[in-house]
Structures are given as structure tokens and as C-alpha cells.
Amino acid sequence: MNETIALIFIIIGITFDLFGCIGLIRLPDVYNRLQASTKCVTLGTCGILLGVLIRFGFTAAGAKALLCIIFLLLTSPVAAHALARGAHKSGIKLWEKSVCDKYEEDK
Amino acid sequence: MRSKILTFMVSFLLWMLLSFSPDWQHIVIGILVSFLVALSMGDMFTNEAHKWLNPRRYIWFLYCLVVFIWECLKSNIDVALRVLNPRLPINPGIVKVRTILKTETALTFLANFITLTPGTLSVDVDKENSCLYIHWIDVKSQDVEEASKIIVSNFERILKEVFK
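Line by line, the protein sequences are chains A and B.
If you're matching positions, the first sequence starts at 15 in our numbering and goes up one per residue.
If you're matching positions, the second sequence starts at 757 in our numbering and goes up one per residue.
Next comes chain B alone, as it looks inside the complex (with noise of 0.2 Å):
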């Protein structure tokens, strides 16, 4: 039930960011919009509610931002780097990686966020043994532990705290 008051609230929002007019007749749709959206589709959205009203992660989350933009902004300027050398200085592979997170939405952010830092795609997710196969541009240690410790676990610290 949460969940579903949850699914449409967050629908309304961008339903009403999205028509940018606080006309009655775009709220009367936007609400019937959701309403369906919610009924049909509310269970889907999240499995644990009452996460989403304790401010601590918000906070998190927003520091979990900023480093991410950082990260962003230096794997751009590395892939551009290495694209633009004539020499084209990649050494590729795919390594494997530990992580300490459990639950789906964290693996997923994870995930996500690997894949837009500095020279990392990660390729897939083995949610039972909680690991993860990367992608790496330029391969440092092809050993798990060193490499998890390189790759995910300056995120994986803050996405805890988002997450736990």
C-alpha cells in the first residue's frame, strides 16, 4: 500500500514537471494518470517504503552526487584523453569484483555507477555471490581483491549509507 501511495506521488511530480501548467484540467488528468499508474504498476516500485522517509539518506545521497559529477567529469576527460593519443593507450579485460551490498536497488546504483566512472562498464551482476564482471579499459590488478578495492570501494561506502 505504501508503495503505491509512494508510486503516485513520484508520478504526479514528474507528470506535473512535465506539463509545466498549474491548469485544473492538467491536474485532473495528472491525477487520474497516476491513480492508474499506481494501481496497476504500485508494487513494482519499491519493496521497502519507509525507507524512503528517513532524511539521513537523502543527505547521503545528495554527497553521493557530488562525488559521482566529480567521478563523471574525470572519466571523461580520461576516455577523451585516451581516444584523442595516437598510441591509443588501452590494455582491456574484464575482471571480476566482490561487493559488500545486498539489496537490488544498491546493486543496481552500483552498477550504474561504475559504469560512468573513470575507464569501467560493468558487464554483469551475480546477485547471489554479490559480484560483479567489469569491463576496464586500462586492466591494473586482474586479482579480485585489488581490484574491488580499486574499483568499488570508495562507492560502495557511501551507496551503505544510502541503502542500508
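If we strip away everything but chain A, and leave its shape as in the complex, we get (with noise of 0.2 Å):
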């Protein structure tokens, strides 16, 4: 029983990867690639990794997934902040078709 719920997440976990990556391939400019690989890389993995809490239990092999899951969720994000901002500071412009800049505008 444990083992088909595992599979599962697993399964899910990687659909999700293998979006995110098809959304790093197709989106046109940095920010938007941006948004597809932090959110689905983020949820693909950690249902990689909840799948192997759910497989070996809160064993020492279990602990160190959810520590994987909390460390992952708050350090996933600030790498996408911290990327977004290299790129606008560095002068990356935005895809010709976005609609506005207000971080231009203000600077």
C-alpha cells in the first residue's frame, strides 16, 4: 500500500519536472523561463521526495527527504529572486511582446 502511494508522488513529481523543463524550452525570455522552473522544478521535486518519506517512513533515510523538502522550499525561490534581479540589473531586456516595465520606469 505504502509502496503504491510512493510511486505515485513519484510519478507526479517527475510530470511535473518534465513540465517544467518543457516550459524552460518553449518560453521566449529569461524572467518567464524563470517562473516554470522555480515553480515546477520546486513541486516536482519535493514530490520526489515525499514519495521517499512515504516508501521508508521517518527513518534516517526519510528525515533527511523532509529536510531536503524544507531546505528546498526556501532556498528554490530565493535563487529565482536573486537570478531575476542579476539578469534585470545587468540589462537582459524583458520578451518585445511583454505588456510593462515598471521596474525600468523606476529605476
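It is possible that part of the hints are untrue.
Dumping the calculated EDC-like pairs for lysine to aspartate or glutamate here, alpha-carbon to alpha-carbon at most 16 Å [what the hints assert, rightly or not]:
no., chain 1, residue 1, chain 2, residue 2
1, A, Lys103, B, Asp880
2, B, Lys830, B, Glu884
3, B, Lys760, B, Asp799
4, B, Lys858, B, Asp882
5, A, Lys103, A, Asp115
6, A, Lys111, B, Asp894
7, B, Lys896, A, Asp115
8, A, Lys103, B, Asp882
9, A, Lys107, A, Asp43
10, B, Lys858, B, Glu912
11, B, Lys858, B, Glu884
12, B, Lys916, B, Glu860
Partner residues aside, some chain B positions facing chain A, computed with beta carbon under 10 Å [to be verified]:
no., residue
13, Ser767
14, Phe768
15, Phe776
16, Ser777
17, Cys828
18, Leu829
19, Ile850
20, Pro874
21, Leu877
In short, the hints are calculated from the structure, not lab data.
It should be emphasised that the depicted structure is a prediction, and the values quoted were computed from it without experimental measurement.
Built from N, CA and C at the ideal position, the CB exists for glycine as well.
Join the two chains into one complex using the hints; note that each chain is given alone, in its own frame.
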């Protein structure tokens, strides 16, 4: 029973990781790509780790998976934020069909 | 001083979870390492240690986590649908929003939550004017007030209770 639930979580995780990668290829500029990769890859990887946690229960491996989930949730948005800010500061333009850029106006 | 004690406790707990064997060798090394960490970096961890003792904050934090997980699921499905749609229905732009949160921790959490919720990614924080610049994959309104209402007001309400 546990194995089946764990497997379902791992499959969901891998699917979202795949969507994140497709987004990385299909979307037009750095900022949109960061959106897809941050969101989908965070949930996807958390799903895989949750599957591991369910499969092994609260043992040495399970506790490490839980800690990895917490660290991933804390660090991946910070990394995305740093990349987006760095890209904007170094002058990378938004996609030409973008609606507005308030950050550029306020600088 | 309180901040150092708190750092010691948190790092020791993390160590015990990572090593996961209640063996005296692990415990001694854990105490030594956490003591060194607390001594050298304890003051950076938090500057409002008294806030950690209030149980009401933890209840709000749990509620906050539930809302967050729900939003995170929604955002993933949203992005997945956009990416898989052959016409690629995106309408991106960077908007500015205003927030009522002031403390550093609260702003950090708000920025992180914004990044992991549907269609938004925080690009920069202006602490003096408490504004955030947000990349929005589907811009619904360019007006500051309107955008603030759609993006941040929901989380602001909860985070205010946790960190105020």
C-alpha cells in the first residue's frame, strides 16, 4: 500500500519536473523561463522527496528527505529572485511583447 | 544572547535529524559543532528572539503553510497548462506592488511566497518604500493598488499575524 502511494507521488513529481523542462524550452525570455523552472521543479522535486519519505517512513532516509523539502522550499525562490534581479541589473530586456516594465521606469 | 541559544537549539535539532542515530558520539559532536556555530554566527540568526516563544504565531504559521501548499499546487497546474498550450497564452510584464509588512523576515517570506504562487516572480524589493517589483506572467492590471490587491493582500493578512 505504502509503496503504491509512494510511487504515485514520485510519478507526479517526475511529470511536473518534465513540465518545468518543457517550459524552459518553450517560453520566450529569462524571466518567464525562471517562472516555469522555479515553480514546477520545486513541486516536482518535493513530490519525489515526499514519495521517498512515504516509502521509507520516518527513518534516516525519510528524515533527510523531509529536511531536503524544507531547504528546497526556502532556497529555490531565493535563487530565482537573485537570478531575475541579476539579469535585470545587467540589462537583459524583457520579451518584446511584454506589457509593462515598472522596474525599468522607477530606476 | 537569546538569539545564540536559539541558534544552538535549531542547529542541534537539524544535526540530530541529519545524523539520525541517538548515539553518544553523534550527540557530543553535534553539541560541539552547534556550540561553535552559535558562538560565531548566533547574532545573525534573529534579532527578535522573544517572538519565537509565542504559540499563537505557530498556529498562524501552520495555517499559512496550508494556504501556501494549496496555492503552490494551483500555480503548478497553471504553469503546466500554459506551457503545454500550443498557442502559449502569456502576457508578461513587471508590475509594482505595495505592502504593509515592514520587518525583514516578513518581507523575505512574502517574496518567497509570491515566487511560488500562480504566475508571479519577485524581482526586487525596495525596503524604504516597502514596494516589491514582481514579474507577472499574465498581467491583469498595471495599476499599483489593483495589482497589490490581487497578488499580495491574501498573504499579507496571514503573514502579518505570524511576524508582527
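Each hint, compared with the structure:
1. Lys103/A to Asp880/B: 10 Å, holds
2. Lys830/B to Glu884/B: At roughly 32 Å apart (the allowed maximum being 16 Å), Glu884/B and Lys830/B break the hint.
3. Lys760/B to Asp799/B: 6 Å, holds
4. Lys858/B to Asp882/B: At roughly 11 Å apart (the allowed maximum being 16 Å), Asp882/B and Lys858/B satisfy the hint.
5. Lys103/A to Asp115/A: 13 Å, holds
6. Lys111/A to Asp894/B: 12 Å, holds
7. Lys896/B to Asp115/A: With a Cα-Cα distance of about 14 Å, the restraint between Lys896/B and Asp115/A holds, given a limit of 16 Å.
8. Lys103/A to Asp882/B: Distance of about 14 Å is within 16 Å: holds.
9. Lys107/A to Asp43/A: 8 Å, holds
10. Lys858/B to Glu912/B: Holds: Lys858/B and Glu912/B sit about 11 Å apart, inside 16 Å.
11. Lys858/B to Glu884/B: 9 Å, holds
12. Lys916/B to Glu860/B: Holds: Lys916/B and Glu860/B sit about 12 Å apart, inside 16 Å.
13. Ser767: 12 Å, violated
14. Phe768: Violated - the Cβ of Phe768/B stays beyond 10 Å from chain A, reaching only about 14 Å at its closest.
15. Phe776: At about 4 Å, which falls below the 10 Å cut-off, the nearest Cβ of chain A leaves the hint on Phe776/B intact, so it holds.
16. Ser777: Holds: closest Cβ of chain A sits about 7 Å from Ser777/B, inside 10 Å.
17. Cys828: 6 Å, holds
18. Leu829: This interface hint holds because 7 Å falls under the 10 Å limit.
19. Ile850: For Ile850/B, the interface hint holds, since the closest Cβ of chain A sits about 5 Å away, which is under 10 Å.
20. Pro874: This hint holds: Pro874/B lies near chain A, its Cβ roughly 8 Å from the closest one there, short of 10 Å.
21. Leu877: The hint holds - Leu877/B has a Cβ within 10 Å of chain A, the shortest such distance being about 5 Å.
Consistency with the previously given hints fails for numbers 2, 13 and 14, ordered from lowest to highest.
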